[in-house]
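Colleague: Residue numbers (my numbering), protein chains in the order written: chain A, 911 to 1162; chain B, 641 to 960.
Rather than coming from a laboratory, the hints here were simulated on the basis of the structure. Please note that the accuracy of each hint is not assured.
Claimed, not checked - Computed, partial: chain B to chain A, Cβ under 8 Å: (1) E738; (2) A753; (3) S779; (4) S795; (5) R820; (6) V919.
Since the model is a prediction, treat every value here as computed from it, not as a measurement. Heads up, the beta-carbon is just placed ideally off N, CA and C, and yes, glycines get one too.
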Amino acid sequence: MKIVVTVKQVPDPNSNLTLEGDNTISREKEVVLDPGDECGVEEALQLKEAHGGEVILVCMGPERAKDAIRKGLSMGADRGVLISDAELAGADALLTARVLAAAIKKEEPDLVICGTESYDGSTGMVPPMLAELLGFPQLTFAKKVEVDGSNVKVHRQTADGYQVVESATPALITVTAGIAEPRYASLKGIMAARSKEIKQVAFGDLGVEKGEPAETIEGVTDAELRKAGQVIQDDGSAVDRIVQVLADAKVL
Amino acid sequence: MPSVLVYAELNQGKLVSTALELMARARDLGDVYAVALGTGAKAAAATLGKHGAKVVHVNEDAAFDDYVAEPAADALAALYEKEKPDLILFGFTPDSREVAGRLAARLGIGLIANAGDIAAQGGGFVAKVPYFGGAKIASMKANAKPAIVLIRPKSFEASEKGGTAEVKQLDLAVADGSKRAHITERVVEASEKVKLEDAKVVISGGRGMGGPQNFPMLEELANALGAAVGASRAVVDAGWVPYSMQVGQTGKSVRPGVYIAVGISGAMQHTVGMKTSKVIIAINKDAEAPIMKMADLGVVGDALKIVPALTAAVKAKKHG
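All chains should be built: construct the whole structure from the sequences, respecting the hints.
Modeller: Right, dumping it as structure tokens:
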């Protein structure tokens, strides 16, 4: 079974997020493999271990995104594809999906695994677009994946439980972050990853039309921030204060 | 007048509340019509009419209930060809965004997701979208025609204003080729006592709760207050609690009278889903956590001690 996992490099979610005096968010500039994608890689590796095959990581991003691919390779993925081009800086969801689709089509995978949404953008728009452009069905919000021959079955998380969703392959799956605990890369894995192939693809080689960006930003204003209220140290009286606030709000 | 198509999402035969919220804004933007697909579409059409839809296109094929996204994307693409709306509005909900994504890719046009508001401007549409980690709001002009915009739940108040919609059958046979991702079973795991979206008080836990073993403590407080329990994405991702409890950008949006954030730092991903709560109380051991800067009352202390004491105090006040 040939499995493509889409991977993205994002600012480290564990890096400090602080609100500056001018209400801007400062964030350390460290970048990591998207933690959601790490779960996707893990799920792909488990499927490969059970059914055989190959796991290919496909990434669009700047040159340094190689590090994110390398991380997945050190976990055990077989090879990577990086589409890196200055022309793609600031690409919107549709352009991203078009680029990924063009690169993935060449691989003719049985399964494409994406995170439900990226950690930085968090809109989750690329996977359904990608499924459409590949002509694949989409089995989304999976918290469990089972493959049986040319059929795939997922438990699709819903507000009050889950749905069992089935289709034939090829198919695109989005996995929730809780689906599988990503393995740590072993030293052996890290060493092996160094010699694994990361194919570099230029935007121009994909034959993708750039198209018009979805939106033009006309202006940016400060978000309406809530006024900070009172911050108290709990010296034993905090409970009384909270009870008072609940009573004032007429919920107690 | 621009024409606006609202995708009225149905969930197992029932109109989702976001659909009516969208109607409240859509009717200010132009001539509004809606599309409702699957079981219950005709009944939904009557409600949509009361909320301002002039025409509701319906098709009750069960394929819309039983297959993920593709049949709905087919129907919308067909309707688009026929009606050429200037704007298509979706709720930014898990099911709607899948349909919107497929539709946009099929039409070859971009979309604007996660919008909090939309206005007509200069013959086009401008959406307000959280930007730069949520500290800023960007005004984004939609370049595509039709403009496809996904609006966060709870952005508008639903209200009745209108009359009777003309109900039109959307002639469409769902192709076998679109009956692929088949929903074969629906399993209900957690029947929430109080629904998060409807609760007057929401108590959410984050990493500061220390572990899943401490969440029952929040349940007890919730029971005492008649509240619902939510969670941050961090603890949902860590598998402590199910996704159904997630409050935030990709979880649920809530607007309760009182929101109590326990051990939650206040990342944008979370706050965008709760910052319109009337009163916010934060309990956190870190006085510098962003949540403290937006809370009406911030308590710096040990949540694991404060929560049980608070539960006892609430019970005492109720029974005393």
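Colleague: Which numbered hints does this structure break?
Modeller: 4
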